[in-house]
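Enquirer: Sequence:
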Amino acid sequence: MLTEEQLCDNVQELKSLNGGRIAKYRRNYRKYSYTPYISLESIRSPNVVGYWQDDESPEDDTSSTPQLNVIKSCVDTLTSKIAQSKVRPYFNCVNGTFKDIQIVNQVQQYFDQYFDEQNVNKTVSEAFRAACIFDTGWVYANPLTKQIMQALPWQVFFRPSEMTYNKFTRIYYEQKDYPTVLLPDFIKIDKDEIPYCTFGTYYDTVNHTVAYYCDQLEQLRYILNYESDTIPFIPIHFNTPVAGASSQSIVDMLYSLQTEIDILMSKIKDASQLNPAMTFFVPDGSGIKASQLNNRIGNIVTYKATPNMTASPVTVSTPSFIDQQYIQLIDELKQNAYDMVGISQLSAQSRKPAGLNSGVSLQTMEDIESDRFETQLNQVIRCYVQIAKTCIRVFNPDENVLPKEKDIINIKWKEIVKEQDRMTIQFSGADSLSKDPSTKLQQLQALAQAGVIPSSHIAQFMEIPDINRGYSMSNNAINAVLSVIDDCINNDSFEVPEYIPFTMLKEEIINTQLSLRASNYQRNKDDIEKLTKLYEIVEDKEKGYEQAAGVDENGNPVNVLTQEATTQQAGAQNAQPGAQNQNVATPQIDNTAMKLGTENSAWNGK
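Numbering (this note's numbering), first residue to last: 46 to 651.
One or more of the hints may lead you astray.
Computed Cβ-Cβ distance ranges for the label pairs, DEER-style [to be verified]:
hint : residue 1 : residue 2 : range
1    : Phe231    : Asn150    : 28 to 38 Å
2    : Val346    : Tyr371    : 23 to 33 Å
3    : Ser109    : Tyr267    : 47 to 57 Å
4    : Gly95     : Gly330    : 53 to 63 Å
5    : Phe231    : Gly64     : 28 to 38 Å
6    : Pro286    : Asn320    : 40 to 50 Å
7    : Lys60     : Leu189    : 19 to 29 Å
8    : Lys60     : Thr420    : 29 to 39 Å
9    : Leu189    : Gln373    : 50 to 60 Å
10   : Asn150    : Gly95     : 14 to 24 Å
11   : Gln318    : Leu189    : 52 to 62 Å
12   : Gln318    : Arg89     : 22 to 32 Å
13   : Lys570    : Asn211    : 38 to 48 Å
No wet-lab data here; the hints were simulated from the structure. No residue lacks a Cβ here, since even glycine has one placed at the ideal position from N, Cα and C.
Let the sequences and hints guide you as you build the complete structure.
Expert: Listed below in C-alpha cells is the structure:
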C-alpha cells in the first residue's frame, strides 16, 4: 500500500492534470441553465437556477430578453431519446456445469432486482445528460454502500492518458460540502458540530490501495487495502475523445449559435419596446392641436405640408418595428442548431410531421432520426454492461449475491468472479415484455406456444406483485421442483416428496439435461446420469400413485365421484345392526354399470 506522502503526491498530480476543465464546465453549465454567475463549486448552498438571466441588451429601460434556449432544448430532447432505450445485462453460461448455470441464473436474478431498486436507468440518463453538457459523465459503483450513483464530472480526477488507452489505474473522487451524516461508519466525527466536510476517495489498482480523506479530522486519511483490479468508475461521452480526456459536447458545438440568437433576440425585444406602436402625422395649420392626441401608444409628428399637398388632417402610420430578416435569421440559426446535433425541430417540440399518421410511418421516421445517435446509444448500452461487470469485480467477495431471505441457493460474489471466464455478459431490452399484465400474458402465451419458454414458467415471468409474494401456486411449484433437482445433483439425494408435481418435475429434469448436454457433455456427464436416475424414480412413483388412486383390480379407470359414492354406501351398510358379522362385498365398478357380489352380500338381501 501507499504511504501517506505518496498518496498526497498522487492526488496532487491527478488534480493538476484536470484543473483546466473547470472554466469550460462552468461556462457550459451557465449556458445550459441560462443563469449567469452560477457556480459549480457550491453544493451546500447553490445558486438558484433561472432567477437571474443573462441579457445581451445594452438598454436599461427595457424588460428582460425572452429566452430561446436552443442548447437546453437539444440536450433534453437527446437525453429523452436515449432514456427510452432501457437496457438490462443478460448473463449467459458458456461450457458450464450445473453449478455454473445456477450461479449465472442467480446473478441474472440479482441484477434484475438491483438495477430496478437502484433506478440505474435514471442514473445512466443523468450521466449522459452531463456528457451532453460538459463532455463526460461518470457513473460510480460504490463498493461500500453498493449504490449506483452519478459522480459529478468536475469532482472526478484521473489521468487523461489512461482514458485514451481505456484502462484506469488511479482515480480521486473529491466531494465538496459532503454531509457528515453520510460518511462511512469507520470515520468517527462529531456530526452535530461538523455538518459538512470535503470527503475524498482515492482508488489505486497498481498499489492495491483505497484511501478516504476528510478535511475536518486530525487523521486526514484512512488507507486500506484494495484487492480489486477494477476502478469503480464508468465514463460516458457525447463524443469519444480522440486523444486525452476532452471532447466537444452539445454546449460546445452550439455555444456561438446560442450567443448569436441571444443578441438577435435582445435587438428584437428592444425594437419592439422602444419603437412606437404607431405614429400620428399632423400637418401645421390643420387646426388640430397635437396635445389633443393621446401619445401613450404612439408618437406624434408635426410637419409643414408642401404646396398643393392634399392630406387628411391626421395621418396614422403603423410601420414595422424591425425588419423581417431578423426573424428569418433566428429561425435559420435554430434550424442549424438542431441539424448540427441531429434532431428534428418537430421532435424537440414533441410534434409529429404532417401526413405521417400510421404507426409504421412514425416508427420509420424515428429510426432514420435515431441513426444519427447510434454512437451515443452504443455508449449507453455498453455503460449498462460495464456497470454489471464493475459490480462483480469490486463488491465484497465474501458477501452473498442475494440477501438470505431472497436467495434459493447460497452463492457468494467470489464464486461469480471465478466463473467470469465461463460467463458472457450481453445486453437485451429491459422492456421487451409489456408492463401491462394482460398484454404481457398474451406475449408469454405466444412464447410458450412457439416453444421458447415452458408453459409452466408463465406465472413466474408475469411478476405481478400481488400474486408473487410466495402465495402463487405456480411459482411455488416451479421453485420446489428446482430445489429437488438441485438436491439431486449437489447432494446425491433422490428423495421425491409426495407433494411435488411429478409432471412438472419430469419436464424440468429433461430441460436441465438438455442444458447440461448442450453446454459441456463431458464435464456434465455424471450430473446427467443422476438426473436420469431421478427421472426413473419419479416415473415409478407416478405409476404407483396412479394405480393406487385411479385404477380398479380389472385395470379400468375409476371415476373419482363414483369412488366417493361407493365409500359412503359401504359406510352406511357397515353402520346397520349385525353388519359387522357379515361379509360385505365391495362394489365392482366398470365404465357402464356397477357389478355387485352374489355371495353373502347385503345388497341382495341374503
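Enquirer: Now tell me if each hint is right for this structure.
Expert: Status of the hints after comparison with the structure:
no., hint, result
1, Phe231 to Asn150: 28 to 38 Å, "holds, 35 Å"
2, Val346 to Tyr371: 23 to 33 Å, "holds, 25 Å"
3, Ser109 to Tyr267: 47 to 57 Å, "holds, 50 Å"
4, Gly95 to Gly330: 53 to 63 Å, "holds, 56 Å"
5, Phe231 to Gly64: 28 to 38 Å, "holds, 31 Å"
6, Pro286 to Asn320: 40 to 50 Å, "holds, 49 Å"
7, Lys60 to Leu189: 19 to 29 Å, "holds, 23 Å"
8, Lys60 to Thr420: 29 to 39 Å, "holds, 31 Å"
9, Leu189 to Gln373: 50 to 60 Å, "holds, 57 Å"
10, Asn150 to Gly95: 14 to 24 Å, "violated, 49 Å"
11, Gln318 to Leu189: 52 to 62 Å, "holds, 57 Å"
12, Gln318 to Arg89: 22 to 32 Å, "violated, 40 Å"
13, Lys570 to Asn211: 38 to 48 Å, "holds, 41 Å"
Violated hints for the displayed structure, listed by number in ascending order: 10 and 12.
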